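**Q** Note that the protein sequences, when read in sequence, are chains A and B.
Counting from 1, one number per residue, gives the positions in the first sequence under our numbering.
Counting from 904, one number per residue, gives the positions in the second sequence under our numbering.
Since the hints were made in silico from the structure, they are not lab data.
Remember, predicted model here, so these are calculated numbers, not experimental data.
C-beta: ideal position from N, C-alpha, C; glycine also.
Treat the hints with care, since some could be wrong.
What the hints assert, rightly or not - Non-contacting residues of chain B with respect to chain A, defined by C-beta distances greater than 10 Å in every case (computed):
{"#": "1", "residue": "Asn934"}
{"#": "2", "residue": "Gly945"}
{"#": "3", "residue": "Val946"}
{"#": "4", "residue": "Phe948"}
{"#": "5", "residue": "Gly957"}
{"#": "6", "residue": "Arg982"}
{"#": "7", "residue": "Arg996"}
{"#": "8", "residue": "Asp1008"}
{"#": "9", "residue": "Glu1037"}
{"#": "10", "residue": "Ser1073"}
{"#": "11", "residue": "Ile1075"}
As the list claims (entries may be wrong) - Below, simulated DSSO-like cross-link-like pairs (lysine-lysine); rule was C-alpha separation at most 30 Å, straight line:
{"#": "12", "chain 1": "A", "residue 1": "Lys52", "chain 2": "A", "residue 2": "Lys68"}
{"#": "13", "chain 1": "A", "residue 1": "Lys222", "chain 2": "A", "residue 2": "Lys262"}
{"#": "14", "chain 1": "A", "residue 1": "Lys847", "chain 2": "A", "residue 2": "Lys834"}
{"#": "15", "chain 1": "B", "residue 1": "Lys961", "chain 2": "B", "residue 2": "Lys935"}
{"#": "16", "chain 1": "A", "residue 1": "Lys807", "chain 2": "A", "residue 2": "Lys713"}
{"#": "17", "chain 1": "B", "residue 1": "Lys951", "chain 2": "A", "residue 2": "Lys584"}
{"#": "18", "chain 1": "B", "residue 1": "Lys935", "chain 2": "A", "residue 2": "Lys584"}
{"#": "19", "chain 1": "A", "residue 1": "Lys458", "chain 2": "B", "residue 2": "Lys937"}
{"#": "20", "chain 1": "A", "residue 1": "Lys829", "chain 2": "A", "residue 2": "Lys713"}
{"#": "21", "chain 1": "A", "residue 1": "Lys745", "chain 2": "A", "residue 2": "Lys807"}
{"#": "22", "chain 1": "A", "residue 1": "Lys697", "chain 2": "A", "residue 2": "Lys627"}
{"#": "23", "chain 1": "A", "residue 1": "Lys584", "chain 2": "B", "residue 2": "Lys937"}
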Amino acid sequence: MDKIRSLIHTHQQRSIDSIEDEPILLDEKNISTKKDWEDHKDDPEEREQVMKGIDKILFTGDIDPSFKLLQELPENETDLIALEEKRRQMRLQHYFVGRKLTDELLNKKEEFNTELDRVIELEQDLQKTFAVTVDIRFSVKQAKLGLTDGAITLLGYYSQRQRLIALLNTLKTIKILHKTDERLRELIDKEDFPGAIQLCRDCQHAAVTYRQYTCIQDLNSKLKDTAVLIEEKLDEVLSVMCINFDHDRYSKITTAYLLLGKLQSAMDQLHMHFTSAIHSRTYETVYRYASNTSVDQKIQYEDLCRFVPPELYIECLSNVLTTLWGIMTSYQKMLSYHYSNNSCDEKLSQFDKNYVQQKLQLGLARIWQDVQNKVNPYLTSQDLSQFQFDDFIKVLDLVNRLIQVGQEFCGTPNIPCDLLREPLRAQSVQYFRRYHTSRTEELYMFLNMELWELLPVKPTFTTLQLNEFRFMATKNNAKKKLNEIDKSYFSEKTSSPFIFSDENVMEESFFDFQEDSDSDVNEELKKDFVEDGTNENDKGNKRKKMTSKVTFHNSSRDGPILTNTTLNVLRYIGKYMLMMDSLKPIAFDVLLSMSQLFEYYMYAVYMFFGSTNVESSNPRLAQLLLKIQSSIILGDEPRPSGINIPPPQVSDLINLHDAQNLFGLKERLIATESLVFLASQFDLWKEYLDNQIPGDKLNFLNQFYNQTLPLSKELREAVYSGVAAKAMSYGAVLQLMGNVKWEIKELMSEPNSYVYVMLQEMEAMQQKISVVSTFVPIPVEVYQMIWSLSINELCQVFLEGFGSARKCTHEGRAWMQLDFQQFIVQVDKFITIKPIPGKDVVENFIKAYYLTEADLEQWLRENYMSYTSKQLNSVINCTTGQFSKMMQRSRLSGIVDELMRKS
Amino acid sequence: MSEHYDFLFKFLIIGSAGVGKSCILHHFIENKFKSDSSHTIGVEFGSKIVQVRGKRAKLQIWDTAGQERFRSVTRSYYRGAAGALLVYDITSRDSFNALTDWLTDARTLASPNIVIILVGNKKDLEDREVTFMEASKFAQENDLIFLEGSALTGEHIEDTFLQCASSILSKIESSELDPDKMGSGIQYGAESASSRGTSIQRRNNTSRSDTNCPCS
Ligand SMILES: Nc1nc2c(ncn2[C@@H]2O[C@H](COP(=O)(O)OP(=O)(O)OP(=O)(O)O)[C@@H](O)[C@H]2O)c(=O)[nH]1
Ligand SMILES: [Mg+2]
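Please work from the sequences and hints to get the whole structure.
**A** Below, the structure is given as structure tokens:
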């Protein structure tokens, strides 16, 4: 820049110079040359050329061009022309440069002017500045002279004051910071964790600002402690939430965790909290019950359970389950808290929300597992087989209820519960085995005590009235023993589902029907009494007219025929069926045992009252009895597994040998009919049992119903045939018949006297039956059976008597027919039954007498089975007597022998 | 089974209907009041092992129906009873008046040496109709042990059974009773070393009888 300026400056001067010089040059020396450069003035090419030829050095400012040129001249230059030429050239150069400069100057004139203006302006500004400075200098000088030292000190103090005020503020803040610790603790105590955390944070921020102060460092560490304390407290409250969930408190701590950014890790910790809650609470509960026995403080839970006194076992279990249920309820509430929309959730990111929900969902199964793990040792800790039935059922009810609770807890019925079911099953098996054994022992005793008296129950009596069967009549009430739960085990107002409510049981017993009793039917009782009186008179009157009136059993007037033992078997069965419901896994064992009770009763009735020839008369029954004997009756060697019931012993007061009471007809009748009644009661339970028994065992059930129960009716014959076989003096009649001479020549119009003896015997039997019927109304079927069997016996007597005749005439045969006819007519007096049993066999026998020899052979072959060989031979003898041919006689006898051998 | 015992006594509970016989038995066995008791039909049964005079006695107890219509059935259970609880209701004069009949039945139908304990039940009730004194006098005249108690509160319930059993046992010891005699209502238990129940049960059983047995 300076260069250009100097250049301009030189040029200006030069141009001024040249204006002065040039005319001389031009005028003096070379006018012609003027033409030279004038000619060339418009030739830009030449101008370019010339400009190029200029020695660059000439443009440098710090040398004198003229001097320079002179220096360059050769030392002894003389050549003027060359010199002139050089001069001319220089002039030309000068001209062009001048021209160019002029051009340039002209071009920049405008800029130059403005620049110049600005320079002038600047000059003016400088002058003003100068004036101000001078003024200021003067003022300073004045001030210096005017101010004192005191003023300066004052200024110093003032600035110090300002600084101290600032410090005071800081200190005040620090003081507040220190105070906040107290406030923090207050907040923590109030469980306002979000507030505490926020405050703690603010504090920490502030502390950073004042970190240069030593006291702040203390504060810092204190705050750190507080932060730790907050987390500890949070943890504490979280663990309380496991036991006793509280919406507000939980909401505070989740917000707090969220503030801390630790919600996820808190959720990870949650399961641990629940597990330890489950552990500690269960332990505490059990400890409370076991502690009155001197129990070691550090005893293992599993061992602790063993020390719960048996009488407190149920109460303790109920409390343990209630505790566990409380924890599960807390869990559920927590879960539903996170599923509902609430203030805290709004702050939760979707990710967090999902995380928490998922975590809690996964936790369900684990909590359930923990619960099971706690209940299992308790269930296995003691042998429950000594428990009363009701108490044992309570244990089962409680555990089954727990499984229901678990199912709702996990939201699916398919939850693992083997840890509960298996000990239940094992305990049930053990309990039931023992229970059944005791019952069979009792049944043995009852049967041994039983005098086969009719138990006088009301006509309206039904099995379902027994307390033991109440559960069937009101099936739903069976569960009422435990607190009734409406919908959910986890809803807001649900009380523990593991508490037994006594009131319910009482209510039921008071408002439901009572067991067969007198108290509730006082009116009826009076009526009964009056009726009984008139009945007695009626009976007396009738007896005078018709000596042998039998009172038949009328189910609407008379109660069922049962004994005290029957009733107790029914009670057992009721309990067994209730057990089936509670002991589902061993329902079949229970059914099997139940069938054993029936079988034992049946076996006893047969053993006490049955006839010995059941093998031939009823093979199926014989087979069943044999099966019973080999499966449940204690033999010479006890069965190592399975039940061993001692053979039933009939009371020694039972006398079955007295013809006067028809060989214990009353006892026989009550026994067999009570068995039939017992069997009939199973119809009431079929549907129930069908539902209780697993499908693969239904075969057994059906077999029991189709093959065992119906045989109880068939037992009647086996029992009453014992009566019929001895009911009348058959021997005496036979003897009378043996005295009859059948070889008569004239037709008789009167039957033989033995027939009247027979009728007397029948009358006597009827009389005895009627006496029995005053004690026990006789079922018509039974009456008919006794009579059929007896008539059959009488027919056999006829056969035997007729078959004993060695000789017989046509007239004798007719007499036989007359006798028999008389008998048949009399039978109708006692019993209307068609066909009369044995009648055909006798008539057939009599008619055979009239057959030809050939027909007789045919007859023998067809009918031999109904007769003895003695009787058949008698037919042969008597008929062939007319033919009097030894040959024929012995041939037919041979056939008889052959037939008899075959059979 | 695991329930070992030294003696087996056959017991009987008799008395008019509604005096609380079943409740007494229930309380003895289950240790609680049977709130839903209804009239007994026929005869029911219960059993329990007790500790008396250092011996384990199994009591087989027949609880009979008090209602008249069951007499024919219940009578058959008297036979061979070693002990009987004759129960009346202290709030029912009728039940007290009926005692003579019951006593006659028991003495004629059961074994002649039967030990009978007179029990005045429902002691918890206020409206007493039978005084302790007159019942006491009746007991003395008829050679009965006498206690008043309540199946509701359980007062003296266990004692009645224990005293009865204890009296029988002492008669056996003094050879006044011969267990081997037919119809004595007494049997010897199976001879087996004590292998009974768990330790807890044993402890409880002994503690209970130790504290409550009034006759040791
Ligand atoms: N307050 C009170 N009531 C009792 C007591 N014992 C029994 N009861 C009540 O008396 C009534 C009859 O009791 P049960 O035990 O059934 O009488 P029971 O002697 O067996 O009667 P039967 O079987 O008919 O001979 C019931 O309502 C019982 O609640 C007692 O000690 N105190
Ligand atoms: Mg009763």
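**Q** Determine for every hint whether it applies to the structure shown.
**A** The hints, checked one at a time:
Residue-level check failed: Asn934/B sits 7 Å from the nearest beta carbon of chain A, not beyond 10 Å. With 10 Å as the threshold on Cβ separation, the claim that Gly945/B sits away from chain A is violated: the shortest Cβ distance comes to roughly 4 Å. Not every beta carbon of chain A lies more than 10 Å from that of Val946/B, the smallest distance being close to 5 Å; the non-interface claim is violated. A beta-carbon of chain A is positioned within 10 Å of the beta-carbon of Phe948/B; the least distance is around 6 Å.
At the 10 Å boundary, the C-beta of Gly957/B stays outside the reach of chain A, the nearest C-beta of that chain being 22 Å off. Some Cβ of chain A comes within 10 Å of the Cβ of Arg982/B; the nearest lies about 8 Å off, and the non-interface call is violated. The beta carbon of Arg996/B sits about 18 Å from the closest Cβ of chain A, which is more than 10 Å, so the claim that it is off the interface holds. With a least beta-carbon separation of about 15 Å from chain A, Asp1008/B lies farther than 10 Å from that chain, consistent with its non-interface assignment.
Non-interface call for Glu1037/B relative to chain A: holds, since the shortest CB-CB distance, roughly 27 Å, exceeds 10 Å. Against chain A, the non-interface label of Ser1073/B holds: every CB pair exceeds 10 Å, the least being about 26 Å. At roughly 22 Å from the closest C-beta of chain A, the C-beta of Ile1075/B stays outside 10 Å, upholding its exclusion from the interface. For the given pair, Lys52/A sits about 18 Å from Lys68/A by alpha-carbon distance, which is consistent with the 30 Å threshold.
Taken as a hint, the Lys222/A and Lys262/A pair is honoured in the structure, with Cα atoms around 21 Å apart against an allowance of 30 Å. In summary, the hint linking Lys847/A to Lys834/A is supported, as the alpha carbons are separated by about 20 Å, within the 30 Å threshold. As the CA atoms of Lys961/B and Lys935/B are separated by approximately 20 Å, the hinted pair is consistent with the 30 Å bound. Restraint check: the Cα-Cα separation between Lys807/A and Lys713/A comes to about 44 Å, which exceeds 30 Å; the hinted pair is violated.
As the CA atoms of Lys951/B and Lys584/A are separated by approximately 29 Å, the hinted pair is consistent with the 30 Å bound. A hinted pair counts as satisfied when its Cα atoms are at most 30 Å apart, and Lys935/B with Lys584/A qualifies at roughly 28 Å. This hinted pair checks out: Lys458/A and Lys937/B have alpha carbons roughly 24 Å apart, not beyond 30 Å. Note on Lys829/A and Lys713/A: the hinted pairing holds, with a Cα-Cα distance of about 26 Å set against a maximum of 30 Å.
A C-alpha spacing of about 12 Å is found between Lys745/A and Lys807/A, which places the hinted pair at or below 30 Å, so the restraint holds. This hinted pair checks out: Lys697/A and Lys627/A have alpha carbons roughly 19 Å apart, not beyond 30 Å. The straight-line distance between the Cα atoms of Lys584/A and Lys937/B is roughly 28 Å, inside the 30 Å bound, and the hint therefore holds.
Taken one by one, the earlier hints fail for this structure at numbers 1, 2, 3, 4, 6 and 16, listed in ascending order.
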